[in-house]
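So the chains spell out like this:
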Amino acid sequence: GAGVSQSPSNKVTEKGKDVELRCDPISGHTALYWYRQSLGQGLEFLIYFQGNSAPDKSGLPSDRFSAERTGGSVSTLTIQRTQQEDSAVYLCASSFNNNQPQHFGDGTRLSIL
Amino acid sequence: AQSVTQLGSHVSVSEGALVLLRCNYSSSVPPYLFWYVQYPNQGLQLLLKYTSAATLVKGINGFEAEFKKSETSFHLTKPSAHMSDAAEYFCAVSVDGANNLFFGTGTRLTVIP
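Quick note, the sequences are listed as chains A and B, same order. In this text, residue positions in the first sequence follow the working numbering: the first is 57, and each later residue adds one. In this text, residue positions in the second sequence follow the working numbering: the first is 109, and each later residue adds one.
No lab work stands behind these hints, which were simulated from the structure alone. One should not assume that every hint holds.
Far from chain A, by Cβ distances over 10 Å, these chain B residues were calculated [stated by the list, open to error]: (1) A109; (2) V127; (3) N132; (4) Y133; (5) Q150; (6) E179; (7) N208.
Some, not all, of what chain B presents toward chain A, calculated at C-beta under 7 Å [to be verified]: (8) G151; (9) L152; (10) F211; (11) T213.
We put the beta carbon where it would ideally sit given N, CA and C, even for glycine.
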């Protein structure tokens, strides 16, 4: 379909391993966002990309978290040396520009054993 | 700084009854306000948004919300609940359009047959 696509939909990994989460935004959308949704909590903003500008990384919880957006399209969120508290649903959203509503993917459910 | 408070993490209504989900915001400048719905194992879907036009905003699926500046509220309502409305609902605020969204912790709506 034409929506935001995230992969994998589920990821289970051992503590200490690195993980990569992928987001394919809607074609033509210049803005891309990553959020974390922990059990029983709201959405926590992680990082925001707008076009070719430097990303807003103000929401990243630690230096173990990083994200890239190659060619202004696909984005990868990387978590290094995963911890159990990283277990959450990671949601990606995109918008046509920063004044248009965000469209969300179905998320990646990450479980750290 | 801006924030959102959603009163009631769980709301139960009978099928056909009025749905009222409460949202109060805090913002130092005129806000943009949003309601999103999240069905199980899915991302967030925009229900409606307030962007300083009409104070009564109509959204999808029969939902509407009224912006009340004096009460700093943006409560979501629907006259008659359907079973398909069972989901989690998030209120969000922004001061600059659609990026930098601050989400509430969500309200889970249960519809009783």
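For each hint, the structure was consulted:
no., hint, in the structure
1, A109, "holds, 13 Å"
2, V127, "holds, 20 Å"
3, N132, "holds, 14 Å"
4, Y133, "holds, 13 Å"
5, Q150, "violated, 5 Å"
6, E179, "holds, 21 Å"
7, N208, "violated, 7 Å"
8, G151, "holds, 3 Å"
9, L152, "holds, 4 Å"
10, F211, "holds, 4 Å"
11, T213, "holds, 4 Å"
In this structure, the hints that do not hold are numbers 5 and 7, in rising order.
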